[in-house]
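K.L.:
All chains, full assembly: derive it from the sequences and hints.
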Amino acid sequence: MISTDAPAVGSTRHPSRLHRLTRVTWRQHRATLLTLGGLAAALAAFMLAAGLRGHALYPAYIRNHCGPTVAPGLIVRAGSPSCRQLGGQFPWLGYPFNAREAVLLLGNNFLNSYPNEVTLAMLALFLLTGMFLGAPLLARELGQGTFRFAWTQGTNPVRWCVTKLILLGGAAVVAGAGLGALGAWSLQPFNLIAETGSRWQGGQFETTVVTAAAWAGFAFALGAFSGTLFRRTVPAMAATLAAMGALLVATFSKFNALLLSFHPLTAADNVQAAQTGLATATKPVRLLDLAMNTSVNRLNAGPPGSLLLRGWYTGPDGHRLSGAPAATLIRAFDKLNGTQWPAWLNAHHDTFVVSYQPGGRYWILQGVAGGALFLLALLLGAATVGLVVRSRGARIRGRRPGPG
Amino acid sequence: VTTLVSAAGADTVEAGRRPSGLARLAWVTWRQHRAALIGLAVFVAVMAAYAVVYGLAMRGVTTYRCVGPGSARVPCQILFEANYAAWLSGFLVPVVIGMFVGAPLLAREYSTATNRFAWTQSAGRTWPTLAKLILLGLAVLAAGALSGALAQWADVAPDSQSSMVFSGWIPDIFASAPVTEAAAALLCYALGVLAGVLTRRVVPAMAATAAAFTALAQLGYGRLYYWMLGFGVRRASYPGLGASQLTGRAASRHAPGGRFGLHQAVGPTVYGPGPAVRWLDQGWYADAHGHPLRGAALLRVIQHPWRLTQLHDTFWVTYQPANRFWLFQSVLGGAELLLALLLGALALWLVRRRNA
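If you read the sequences in order, they're chains A and B.
Last residue of the first sequence? That's 404 in the numbering used here, and every number before it is there in order.
Last residue of the second sequence? That's 356 in the numbering used here, and every number before it is there in order.
By construction, these hints were calculated from the structure, which means they are not laboratory data.
None of these values were measured; they are calculated from a predicted model.
One thing to keep in mind: the hints can contain errors.
[Unchecked claim] Some chain B residues judged to face chain A by a derived CB distance under 7 Å, without partners named: (1) Phe100; (2) Pro104; (3) Val203.
[As the list claims (entries may be wrong)] Sample of chain A residues lacking proximity to chain B, with all beta carbon distances greater than 10 Å (derived): (4) Gln28; (5) Ala267; (6) Leu379.
Note that the Cβ used here is the ideal one computed from N, Cα and C, for glycine as well.
P.N.:
Encoded structure:
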């Protein structure tokens, strides 16, 4: 009786192995987790405050026709007293000067800079996760030699490593997804007012619920892999910073453009030409294709919700304009203002053609971008486990104790 | 006799071959920190390459129509990168230097306990530490100055039409000038060293360095910079600026009149002929006698600012002229340098005070 009862009592007292590993993981990394969690909470609170204010004010802003219009060289906002009042209440709208600084031509107020700043802060947080949580994860054990003790206990080093990677990586992915969802919601009114923001825009595209989770997971996996590879914390952190920075630069400058320009649709859109204008080369004078990379919103004509990619002028025969007809078009553009431009094109049977990515493909492209990052993260995680399996620590674990 | 001769001979030979104390310290510093120094050189080279590519792209951008229809399109969008390019240089370079060169410098000695050996040799602890701090500090200064010089070249376009966006007086660009960036790099390095001495652990010291420098940069360029540029301002009439519709709207936020903050970098030809202004501090609408407009008179101007001259009113500004740029660079850079020296001295004092 006694002998059969004893294990039952023991099993209720002892938590499961996963529970114990979770507890040890928390104990080892609580300082980093608390710091990163605090930063994430601060960012979330900021986005929540801006989002609540924006969502509350947006209906009145539109009802009073306060939305901006485009004029040559600058974005013009309605100047009625009610719009001024609403603009003043909108979170850091800057109407038109913000508290300290004003840039008239390109706009540098909160409305314009908020999407950039919030997405930059999110990506910076993911980078910090990779550097401060991922990189020291195994590098510290390996660098300080504590793996000799930690990996020769009851738990297999591979299981130990996999559990840590899953627990901490999972936390990073969940936090990334949460921040991405909150960020997208908070940016909605800013995008709807549509001075510069759009969900297609570089930065916002990388920080939706899908891609933010993928970037967070990737950064963590990259850090863990660097730590296992270099076996020293500081070089691993530097490598994580360099690799993540390089991938971000490549994504913003190349990969995004490649992904978003995949198999676009085309449409004739002379109204768009009034806003887009034209680009020319001087010697010899000729028309250039316009790289647009702008989304369709209240300020831009085009298929709703789509991303306009490129624009070019075609003649009545449907071919790109060149030679004398192109020179005529350039001379006419210099004389006319924007509003007369579509009528001139119609009268001369010229057409402005745009290539675009339809709005319905947004989440497919998100899935491709996020899926590629998740796949990379999984590969890095697998490579980390592979390095642990091959490491001396794991071999120590597998060796039978000698006579000494 | 034999013993004496051989000993003297050996000493003479060794004295001739042995390098000086400073050279030996430099050699030890190089051996200990060569990975960090090589990494720093690679990082600065990458940043320099980016500055050159960006600067060349900037110089090509004026050939396109970036004002008017199509202004928000590529290739004009390179203009939107202006602040990021400056920020990358003025903020990221010092932070990376502080985190990866400054913070591990003494924190590693403490955390791995190698200080027990290194600081109990004949040289003691003060001179080797001081030599390390100075030698690496000089490398940090050089890296900051080089990165700043390239960023300044890349960011400050020669095109006066764009000079509101690319003026060296814009806070981000001001922070990435050679003087201020070199001083900021040294300051962040000193912060890292001090954080390492205080925490005695590398990773927390790196985190503390990044956090402290971010806070200092925010304070410096979010507050102190505008405060500094309010000193010794000149006063001039600038009707071209007052006639701008946007200036009228800015004034309307500050009813019932009087001075309001402009805090804006401006180029020489943006608002037509005017004083040699580079930084606008404050502005106010005034009547022909120079009295600030209030009430109905102000409202009339605000609603129709382009009729400023017809209404016989004018617009006054306080401003900083172009020739004071390097003066303010020296003031801000000097303050950062002084703070860096104080933090370095504090770190050294803590090292001396503690038992190895």
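K.L.:
Against the structure, test the hints numbered earlier, and report the numbers of the ones violated in rising order.
P.N.:
Violated hints: none at all, because every hint is consistent with the structure.
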